[in-house]
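> What follows is the residue order along each chain.
Number of protein chains: 2
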Amino acid sequence: MKDLTKILYPKSVAIVGASEKEGSVGNELLKHMLEFGYTGKIYPINPKHTQIMGLKCYAKITDVPKEIQLAIVAVPAKTVLDVVEQCHLAQVDDIVLISSGFNEIGGEGTILENELKAKVQKYGMNLVGPNCLGVFCGDKKLKFDGCFAPTVPKTGTVGFATQSGALAGGVFNISKKLRIGFNQMVSLGNQADVDALDVISQWENDDNVSQILLYLESIKNPQKFRKVATKVAMKKPILCIKSGRSTAGAKAAASHTGSLAGSDNLAEGLLASCGVVREISLKNLFDDAGVLGNLPLPKGKRLAILTNAGGPGILATDVASDFGLEIPTFSDELQAKLKEITMPQASRKNPVDLVASCPAIHYKNTAEVLLKNDETDMLLVIYLYIAGKHDMEVFEYMQELQKKYPKKPIILTYMTVPEFFDDVKKKYPESTIPLFDYVDDAVRGFKLLCDRKDFLEGVKEKTPIFDVKKDKTTKIFEKAKKEARTLLSTKESLEVFKNYGLPVPKFVATLKLADAIKNAKKMGFPVVLKMSSKTISHKTDVGGVVVNIKDEKELEIAWKNLEQKLKNADMWDALDGIIVMKQIKGSREFVAGIVESAGYGHQMMFGIGGIFVEALKEVCFRPCPLKMYDAKALVNSTKAKKLLGNIRGKKAVDETKVVESLLKLSKLVEDFKDIKELDVNPFMLDDEGNFFAVDARIVTK
Amino acid sequence: MKDLTKILYPKSVAIVGASEKEGSVGNELLKHMLEFGYTGKIYPINPKHTQIMGLKCYAKITDVPKEIQLAIVAVPAKTVLDVVEQCHLAQVDDIVLISSGFNEIGGEGTILENELKAKVQKYGMNLVGPNCLGVFCGDKKLKFDGCFAPTVPKTGTVGFATQSGALAGGVFNISKKLRIGFNQMVSLGNQADVDALDVISQWENDDNVSQILLYLESIKNPQKFRKVATKVAMKKPILCIKSGRSTAGAKAAASHTGSLAGSDNLAEGLLASCGVVREISLKNLFDDAGVLGNLPLPKGKRLAILTNAGGPGILATDVASDFGLEIPTFSDELQAKLKEITMPQASRKNPVDLVASCPAIHYKNTAEVLLKNDETDMLLVIYLYIAGKHDMEVFEYMQELQKKYPKKPIILTYMTVPEFFDDVKKKYPESTIPLFDYVDDAVRGFKLLCDRKDFLEGVKEKTPIFDVKKDKTTKIFEKAKKEARTLLSTKESLEVFKNYGLPVPKFVATLKLADAIKNAKKMGFPVVLKMSSKTISHKTDVGGVVVNIKDEKELEIAWKNLEQKLKNADMWDALDGIIVMKQIKGSREFVAGIVESAGYGHQMMFGIGGIFVEALKEVCFRPCPLKMYDAKALVNSTKAKKLLGNIRGKKAVDETKVVESLLKLSKLVEDFKDIKELDVNPFMLDDEGNFFAVDARIVTK
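Chains A and B, in that order, give the protein sequences.
Adding 2 to a residue's 1-based position in the first sequence gives its number in my numbering.
Adding 2 to a residue's 1-based position in the second sequence gives its number in my numbering.
The set of hints was computed from the structure by calculation and includes no laboratory data.
It cannot be assumed that every hint is accurate.
[What the hints assert, rightly or not] No farther apart than 20 Å at their CA atoms in a straight line, the calculated lysine to aspartate or glutamate pairs in the EDC-like style are these:
1. K285(A) <-> D439(A)
2. K541(B) <-> D689(A)
3. K555(A) <-> D376(B)
4. K464(A) <-> D324(A)
5. K178(B) <-> E421(A)
Computed from a predicted structure; not experimentally measured.
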């Protein structure tokens with residue numbers, strides 16, 4: 003990873019293209035540097051001037067006699083390569099390139115950007131941009147505003163990297179309204195050199211940044227992203243908006259998995275796998291950052307709600323239930339304890355309703371009991387100013403308790419007059435206790451804390467190692483390759499599965515009826531017949547599957563019909579057998595599949611299967627190789643979870659078996675990177691709770 | 003409905019329990035009346051004083067020599083009945099009862115509330131409360147603050163009725179931060195007399211109120227609610243938070259429909275049927291009210307997005323797609339027109355990106371082209387202050403265009419410095435153009451406008467009248483009644499369906515094998531056998547169903563097995579036949595059902611059926627009698643919609659037939675109010691697109 007210290011904490015900055023012209027970028031940049039009070043040295047560079055805004059101006063960067071740590075460049079695109087050359091001569095290896103006219107305009111811009119990249123690589127430089135708004139570092143000793151956003155943001159502990167520079171400008175404008183502040187901002191621009199991953203890696207080890215926010219329109223290198231983001235997310239929270247959800251059309255694909263693998267599904271799975279919180283709205287992004295960056299992680303999901311008004315307590319309970327948090331009813335013992343310190347008409351079950359007329363001290367006493375006891379893990383405090391204005395008093399009590407009980411997260415929801423918020427900002431500018439207007443935001447915060455705890459625990463779980471028959475499997479793939487096939491037959495695919503320990507029903511493949519009958523008798527009726535072809539993968543579409551064969555006689559009829567049909571259709575010769583398979587009795591169908599998407603590598607899908615997989619869309623994706631917690635998430639993230647359980651007399655599956663099957667499939671594509679598509683459809687669950695890979699389809703590159 | 007004019011626009015008010023004691027409710031009330039500048043007469047009532055706050059104080063309300071239009075009562079619960087009596091003597095028929103200690107505390111409080119109710123009814127009074135915060139009317143000529151919320155709200159055009167008084171207080175506190183203002187507020191309290199419906203009916207005809215907000219924890223009389231709320235919603239938007247979503251546990255019930263009919267599902271269906279916008283969060287409630295109360299309804303769902311920054315444009319597109327809005331790509335002609343009036347580097351496809359450096363006039367010119375043309379129905383304008391501060395200028399242009407093109411809704415999203423918003427408030431306090439920080443809120447606003455348009459059109463659609471065999475059906479129900487059965491046999495249920503025109507597959511019911519064979523041959527194999535019992539409704543659980551009977555021989559074996567089984571289990575005698583039914587070939591299963599829930603009356607459910615109906619929960623509810631648009635909504639609101647379409651070679655159903663089936667079921671329960679539960683499970687769709695009620699279960703009260 004790149005060292006971006008000189009870009010984010012430069013001790014001296016040259017502004018190439020600094021200008022006296024009001025409204026120009028070069029003018030704005032210099033003005034911002036001066037107005038924010040940059041403590042380093044500034045060197046304006048412009049051949050047309052000798053002095054700008056009271057600073058000595060140099061014609062060329064090579065003219066500056068002192069060390070320059072960073073060049074911010076805002077010159078016309080066509081002169082950029084020259085400037086880079088001069089930077090190299092001046093031993094300036096770090097550049098923030100504001101100029102536009104590169105890849106974003108296509109054509110000659112793309113050519114220019116490629117030349118730029120080559121030069122930067124050749125000289126071993128770090129370059130942010132081009133086509134960006136600049137960078138910002140609010141560090142109090144440095145005060146470096148290297149961007150032309152019109153507003154200096156409220157400072158704080160957030161690191162914000164954005165693919166839309168304008169958005170950074172917009173966000174800085176409204177930052178006073180937010181409960182977070184910005185420590186550093188990088189407008190990524192076209193990411194010709196420095197990319198989002200370089201930036202988050204830099205922030206991983208910067209103690210001034212306690213949470214990382216991203217706005218991305220694309221994920222440049224998903225596989226590298228996974229590695230880097232996971233590592234950083236284990237250290238500090240990353241929250242990300244990945245936009246372009248709707249334009250991410252699903253590919254036209256032959257496999258079920260492929261048809262559902264719209265790139266947004268893949269991005270969703272990737273971010274989740276990395277422990278990156280995916281946000282949909284900017285509002286939530288900022289609200290949630292304030293929570294994740296500042297609070298301890300709870301031990302469990304039990305939320306205590308303390309309020310002085312019933313309505314908001316009920317609303318909070320509703321949202322908590324939406325998010326799968328628990329609102330435990332307090333024990334009689336705890337309720338008795340609360341009774342001693344609350345008004346007679348108070349409610350003490352959870353939510354605790356102190357009633358509107360309670361004095362502020364009741365908040366303190368009750369909250370302390372709730373923080374001390376072991377019946378709850380988190381505390382939501384709701385205060386409505388109605389009878390007696392105690393907002394500040396309650397706030398101060400909660401700050402005090404936050405310090406005294408630092409292990410349980412506390413979030414406040416206040417419906418009081420706006421002046422209170424100004425007073426808090428003035429009186430306690432460093433306060434980190436999240437404070438919202440509406441309970442929804444507070445409860446979502448608790449949910450994210452729980453998710454983060456789950457991630458940090460899950461990511462450490464060991465992924466089991468399985469004993470697989472790799473050599474035997476290699477032979478199957480080699481045979482296909484030798485025959486110049488990308489499609490494995492159903493027989494081959496099922497054998498591959500068996501070699502990797504997947505639960506495949508009993509089957510044989512044969513081209514002889516007598517053989518089929520002998521084996522069917524051995525495995526027991528009912529059986530299924532399936533053509534296994536080296537050229538045709540969608541068996542059902544050509545009538546190549548017969549189910550519900552109940553006895554020898556039916557088998558004979560079915561076989562002869564099938565044989566005739568396949569011979570008539572000239573399909574017989576491409577068969578490597580007809581599969582006789584023990585029929586699995588069950589009606590719960592799932593689908594597992596793997597698709598290879600450019601850049602993303604192998605992606606695993608799991609969910610509700612059967613013929614309606616595309617209609618229901620109850621599937622989710624995770625990147626391969628799966629880790630233990632990825633496999634668990636695949637099993638737990640959709641309504642498939644319910645179908646895996648006890649349902650209407652049908653027994654639950656042992657979920658470990660499903661998780662292990664997915665891990666084995668992941669191991670398979672790790673060993674055979676040549677696999678392009680893989681479908682297990684259906685993955686069937688019989689009424690006794692046994693899980694079977696009933697059909698298989700493998701396509702290589 | 004009650005006439006609440008004297009409660010909301012009283013010309014003279016007595017405050018019974020007015021007090022000099024700081025912090026007491028009686029003190030607060032009087033203070034609020036004076037401070038807000040009430041223009042009517044105030045009569046403090048308190049036997050302990052002769053004067054309070056400079057006003058003459060009377061010992062009893064009967065002592066006041068002038069007309070009193072409204073009494074606001076804040077005295078201890080035990081003296082309330084006396085006060086009501088005195089109000090009657092003083093000819094005061096309108097009361098706002100603040101006092102608590104009634105039904106909310108149970109026991110003697112409930113007894114007291116019942117006595118209160120009786121008295122109020124006897125005297126024909128209107129009473130708001132008890133246990134409430136009071137009422138508020140911001141009318142400029144009246145200025146009536148009859149509640150003890152600590153803050154006077156920002157005034158505007160919203161009518162707000164709330165079951166949580168404290169919430170009204172909280173909302174008033176934060177009202178300055180909202181883009182709406184309150185015209186009137188009624189804290190409903192225990193709704194002993196005046197209820198939410200009385201209030202919304204009052205607001206229906208009050209021109210000062212342009213949108214109605216509700217916070218409800220329960221829906222008192224759902225059937226009356228439906229009638230009243232629909233009528234009012236046709237005139238002005240109603241937005242409602244119905245809390246207690248999570249506590250609404252599903253009933254333990256024998257029917258599928260029953261088990262899914264948690265009261266929140268019913269509330270959801272009821273509100274949707276009435277055209278009431280159900281809100282989950284307070285924030286959305288207020289944001290959406292500002293949109294629905296102020297904008298024209300669009301002609302269609304085509305949204306044009308105008309922005310000066312790419313990022314927010316993409317975010318808006320994402321949300322629009324989530325909500326099913328269209329972002330049409332503009333015609334070449336329109337793009338050419340836009341090219342003439344935008345910067346060269348602008349993007350003109352939709353979103354139109356004017357780029358950060360564009361002058362304000364580009365917004366005006368482009369917006370005007372977009373409002374004039376017929377390629378779009380709605381306009382989202384996004385402005386980020388980045389290069390040049392044009393926020394006010396753009397705002398003023400948009401206000402101008404709003405007036406010039408009043409038929410297309412415009413919503414603004416601004417990311418500019420907070421001062422702008424203060425400036426707008428000062429300069430254009432009457433401005434009605436919605437203005438948000440984040441695109442999500444804006445796009446949701448457009449979605450709600452589209453929904454409202456759909457509702458207003460849908461509610462006017464005629465519901466067809468069907469020719470049904472009521473008399474024949476009556477006989478079936480009478481027979482069961484005579485036999486003291488609440489359960490109809492499967493045969494009877496299917497006959498009832500046939501009488502009401504539902505598509506039932508060919509079937510006969512017989513107890514003779516020969517008969518079964520004869521009929522099976524006539525209808526054609528495969529067939530299904532089902533026991534039809536007068537006592538047992540869950541046939542499958544007792545093995546009373548045999549499917550896939552392919553020929554006469556299989557039928558004979560199946561029949562004999564079934565007969566033996568039922569005889570052995572002593573179930574044979576309770577049969578009114580074994581049904582031989584033509585088997586429907588298909589794998590798309592739906593469920594329709596009706597459940598009777600106390601208060602809610604008959605409720606229809608429709609969705610994805612089969613054995614996993616409870617696991618998938620892809621069902622929705624609507625109240626009976628269904629209107630045309632309810633039936634359509636049932637068909638369109640879940641993923642069932644997709645299964646009804648062309649899917650993997652299976653043909654789509656003619657949706658009219660499904661809609662009509664639901665309407666016929668609705669007609670059935672309208673004619674036979676005695677029906678308690680009704681399940682059509684499955685409602686099957688065969689691969690040719692034919693729809694059949696395959697199984698039936700009817701239970702009467």
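> All hints are to be evaluated individually against the structure, with a verdict given for each.
Taking the hints in turn, this is what the structure says about them:
Among the hinted pairs, K285(A) with D439(A) is consistent with the structure: their alpha-carbon atoms are about 13 Å apart, no more than 20 Å. For a cut-off of 20 Å, the pair hint linking K541(B) to D689(A) stands: about 19 Å separates their Cα positions. The hinted pair formed by K555(A) and D376(B) fails the criterion: a straight-line CA distance of about 68 Å is larger than 20 Å. Pair hint K464(A) plus D324(A) does not hold up; C-alpha atoms about 30 Å apart against a cutoff of 20 Å.
Using a Cα cut-off of 20 Å, the hinted pair K178(B) and E421(A) holds, with the two alpha carbons roughly 11 Å apart.
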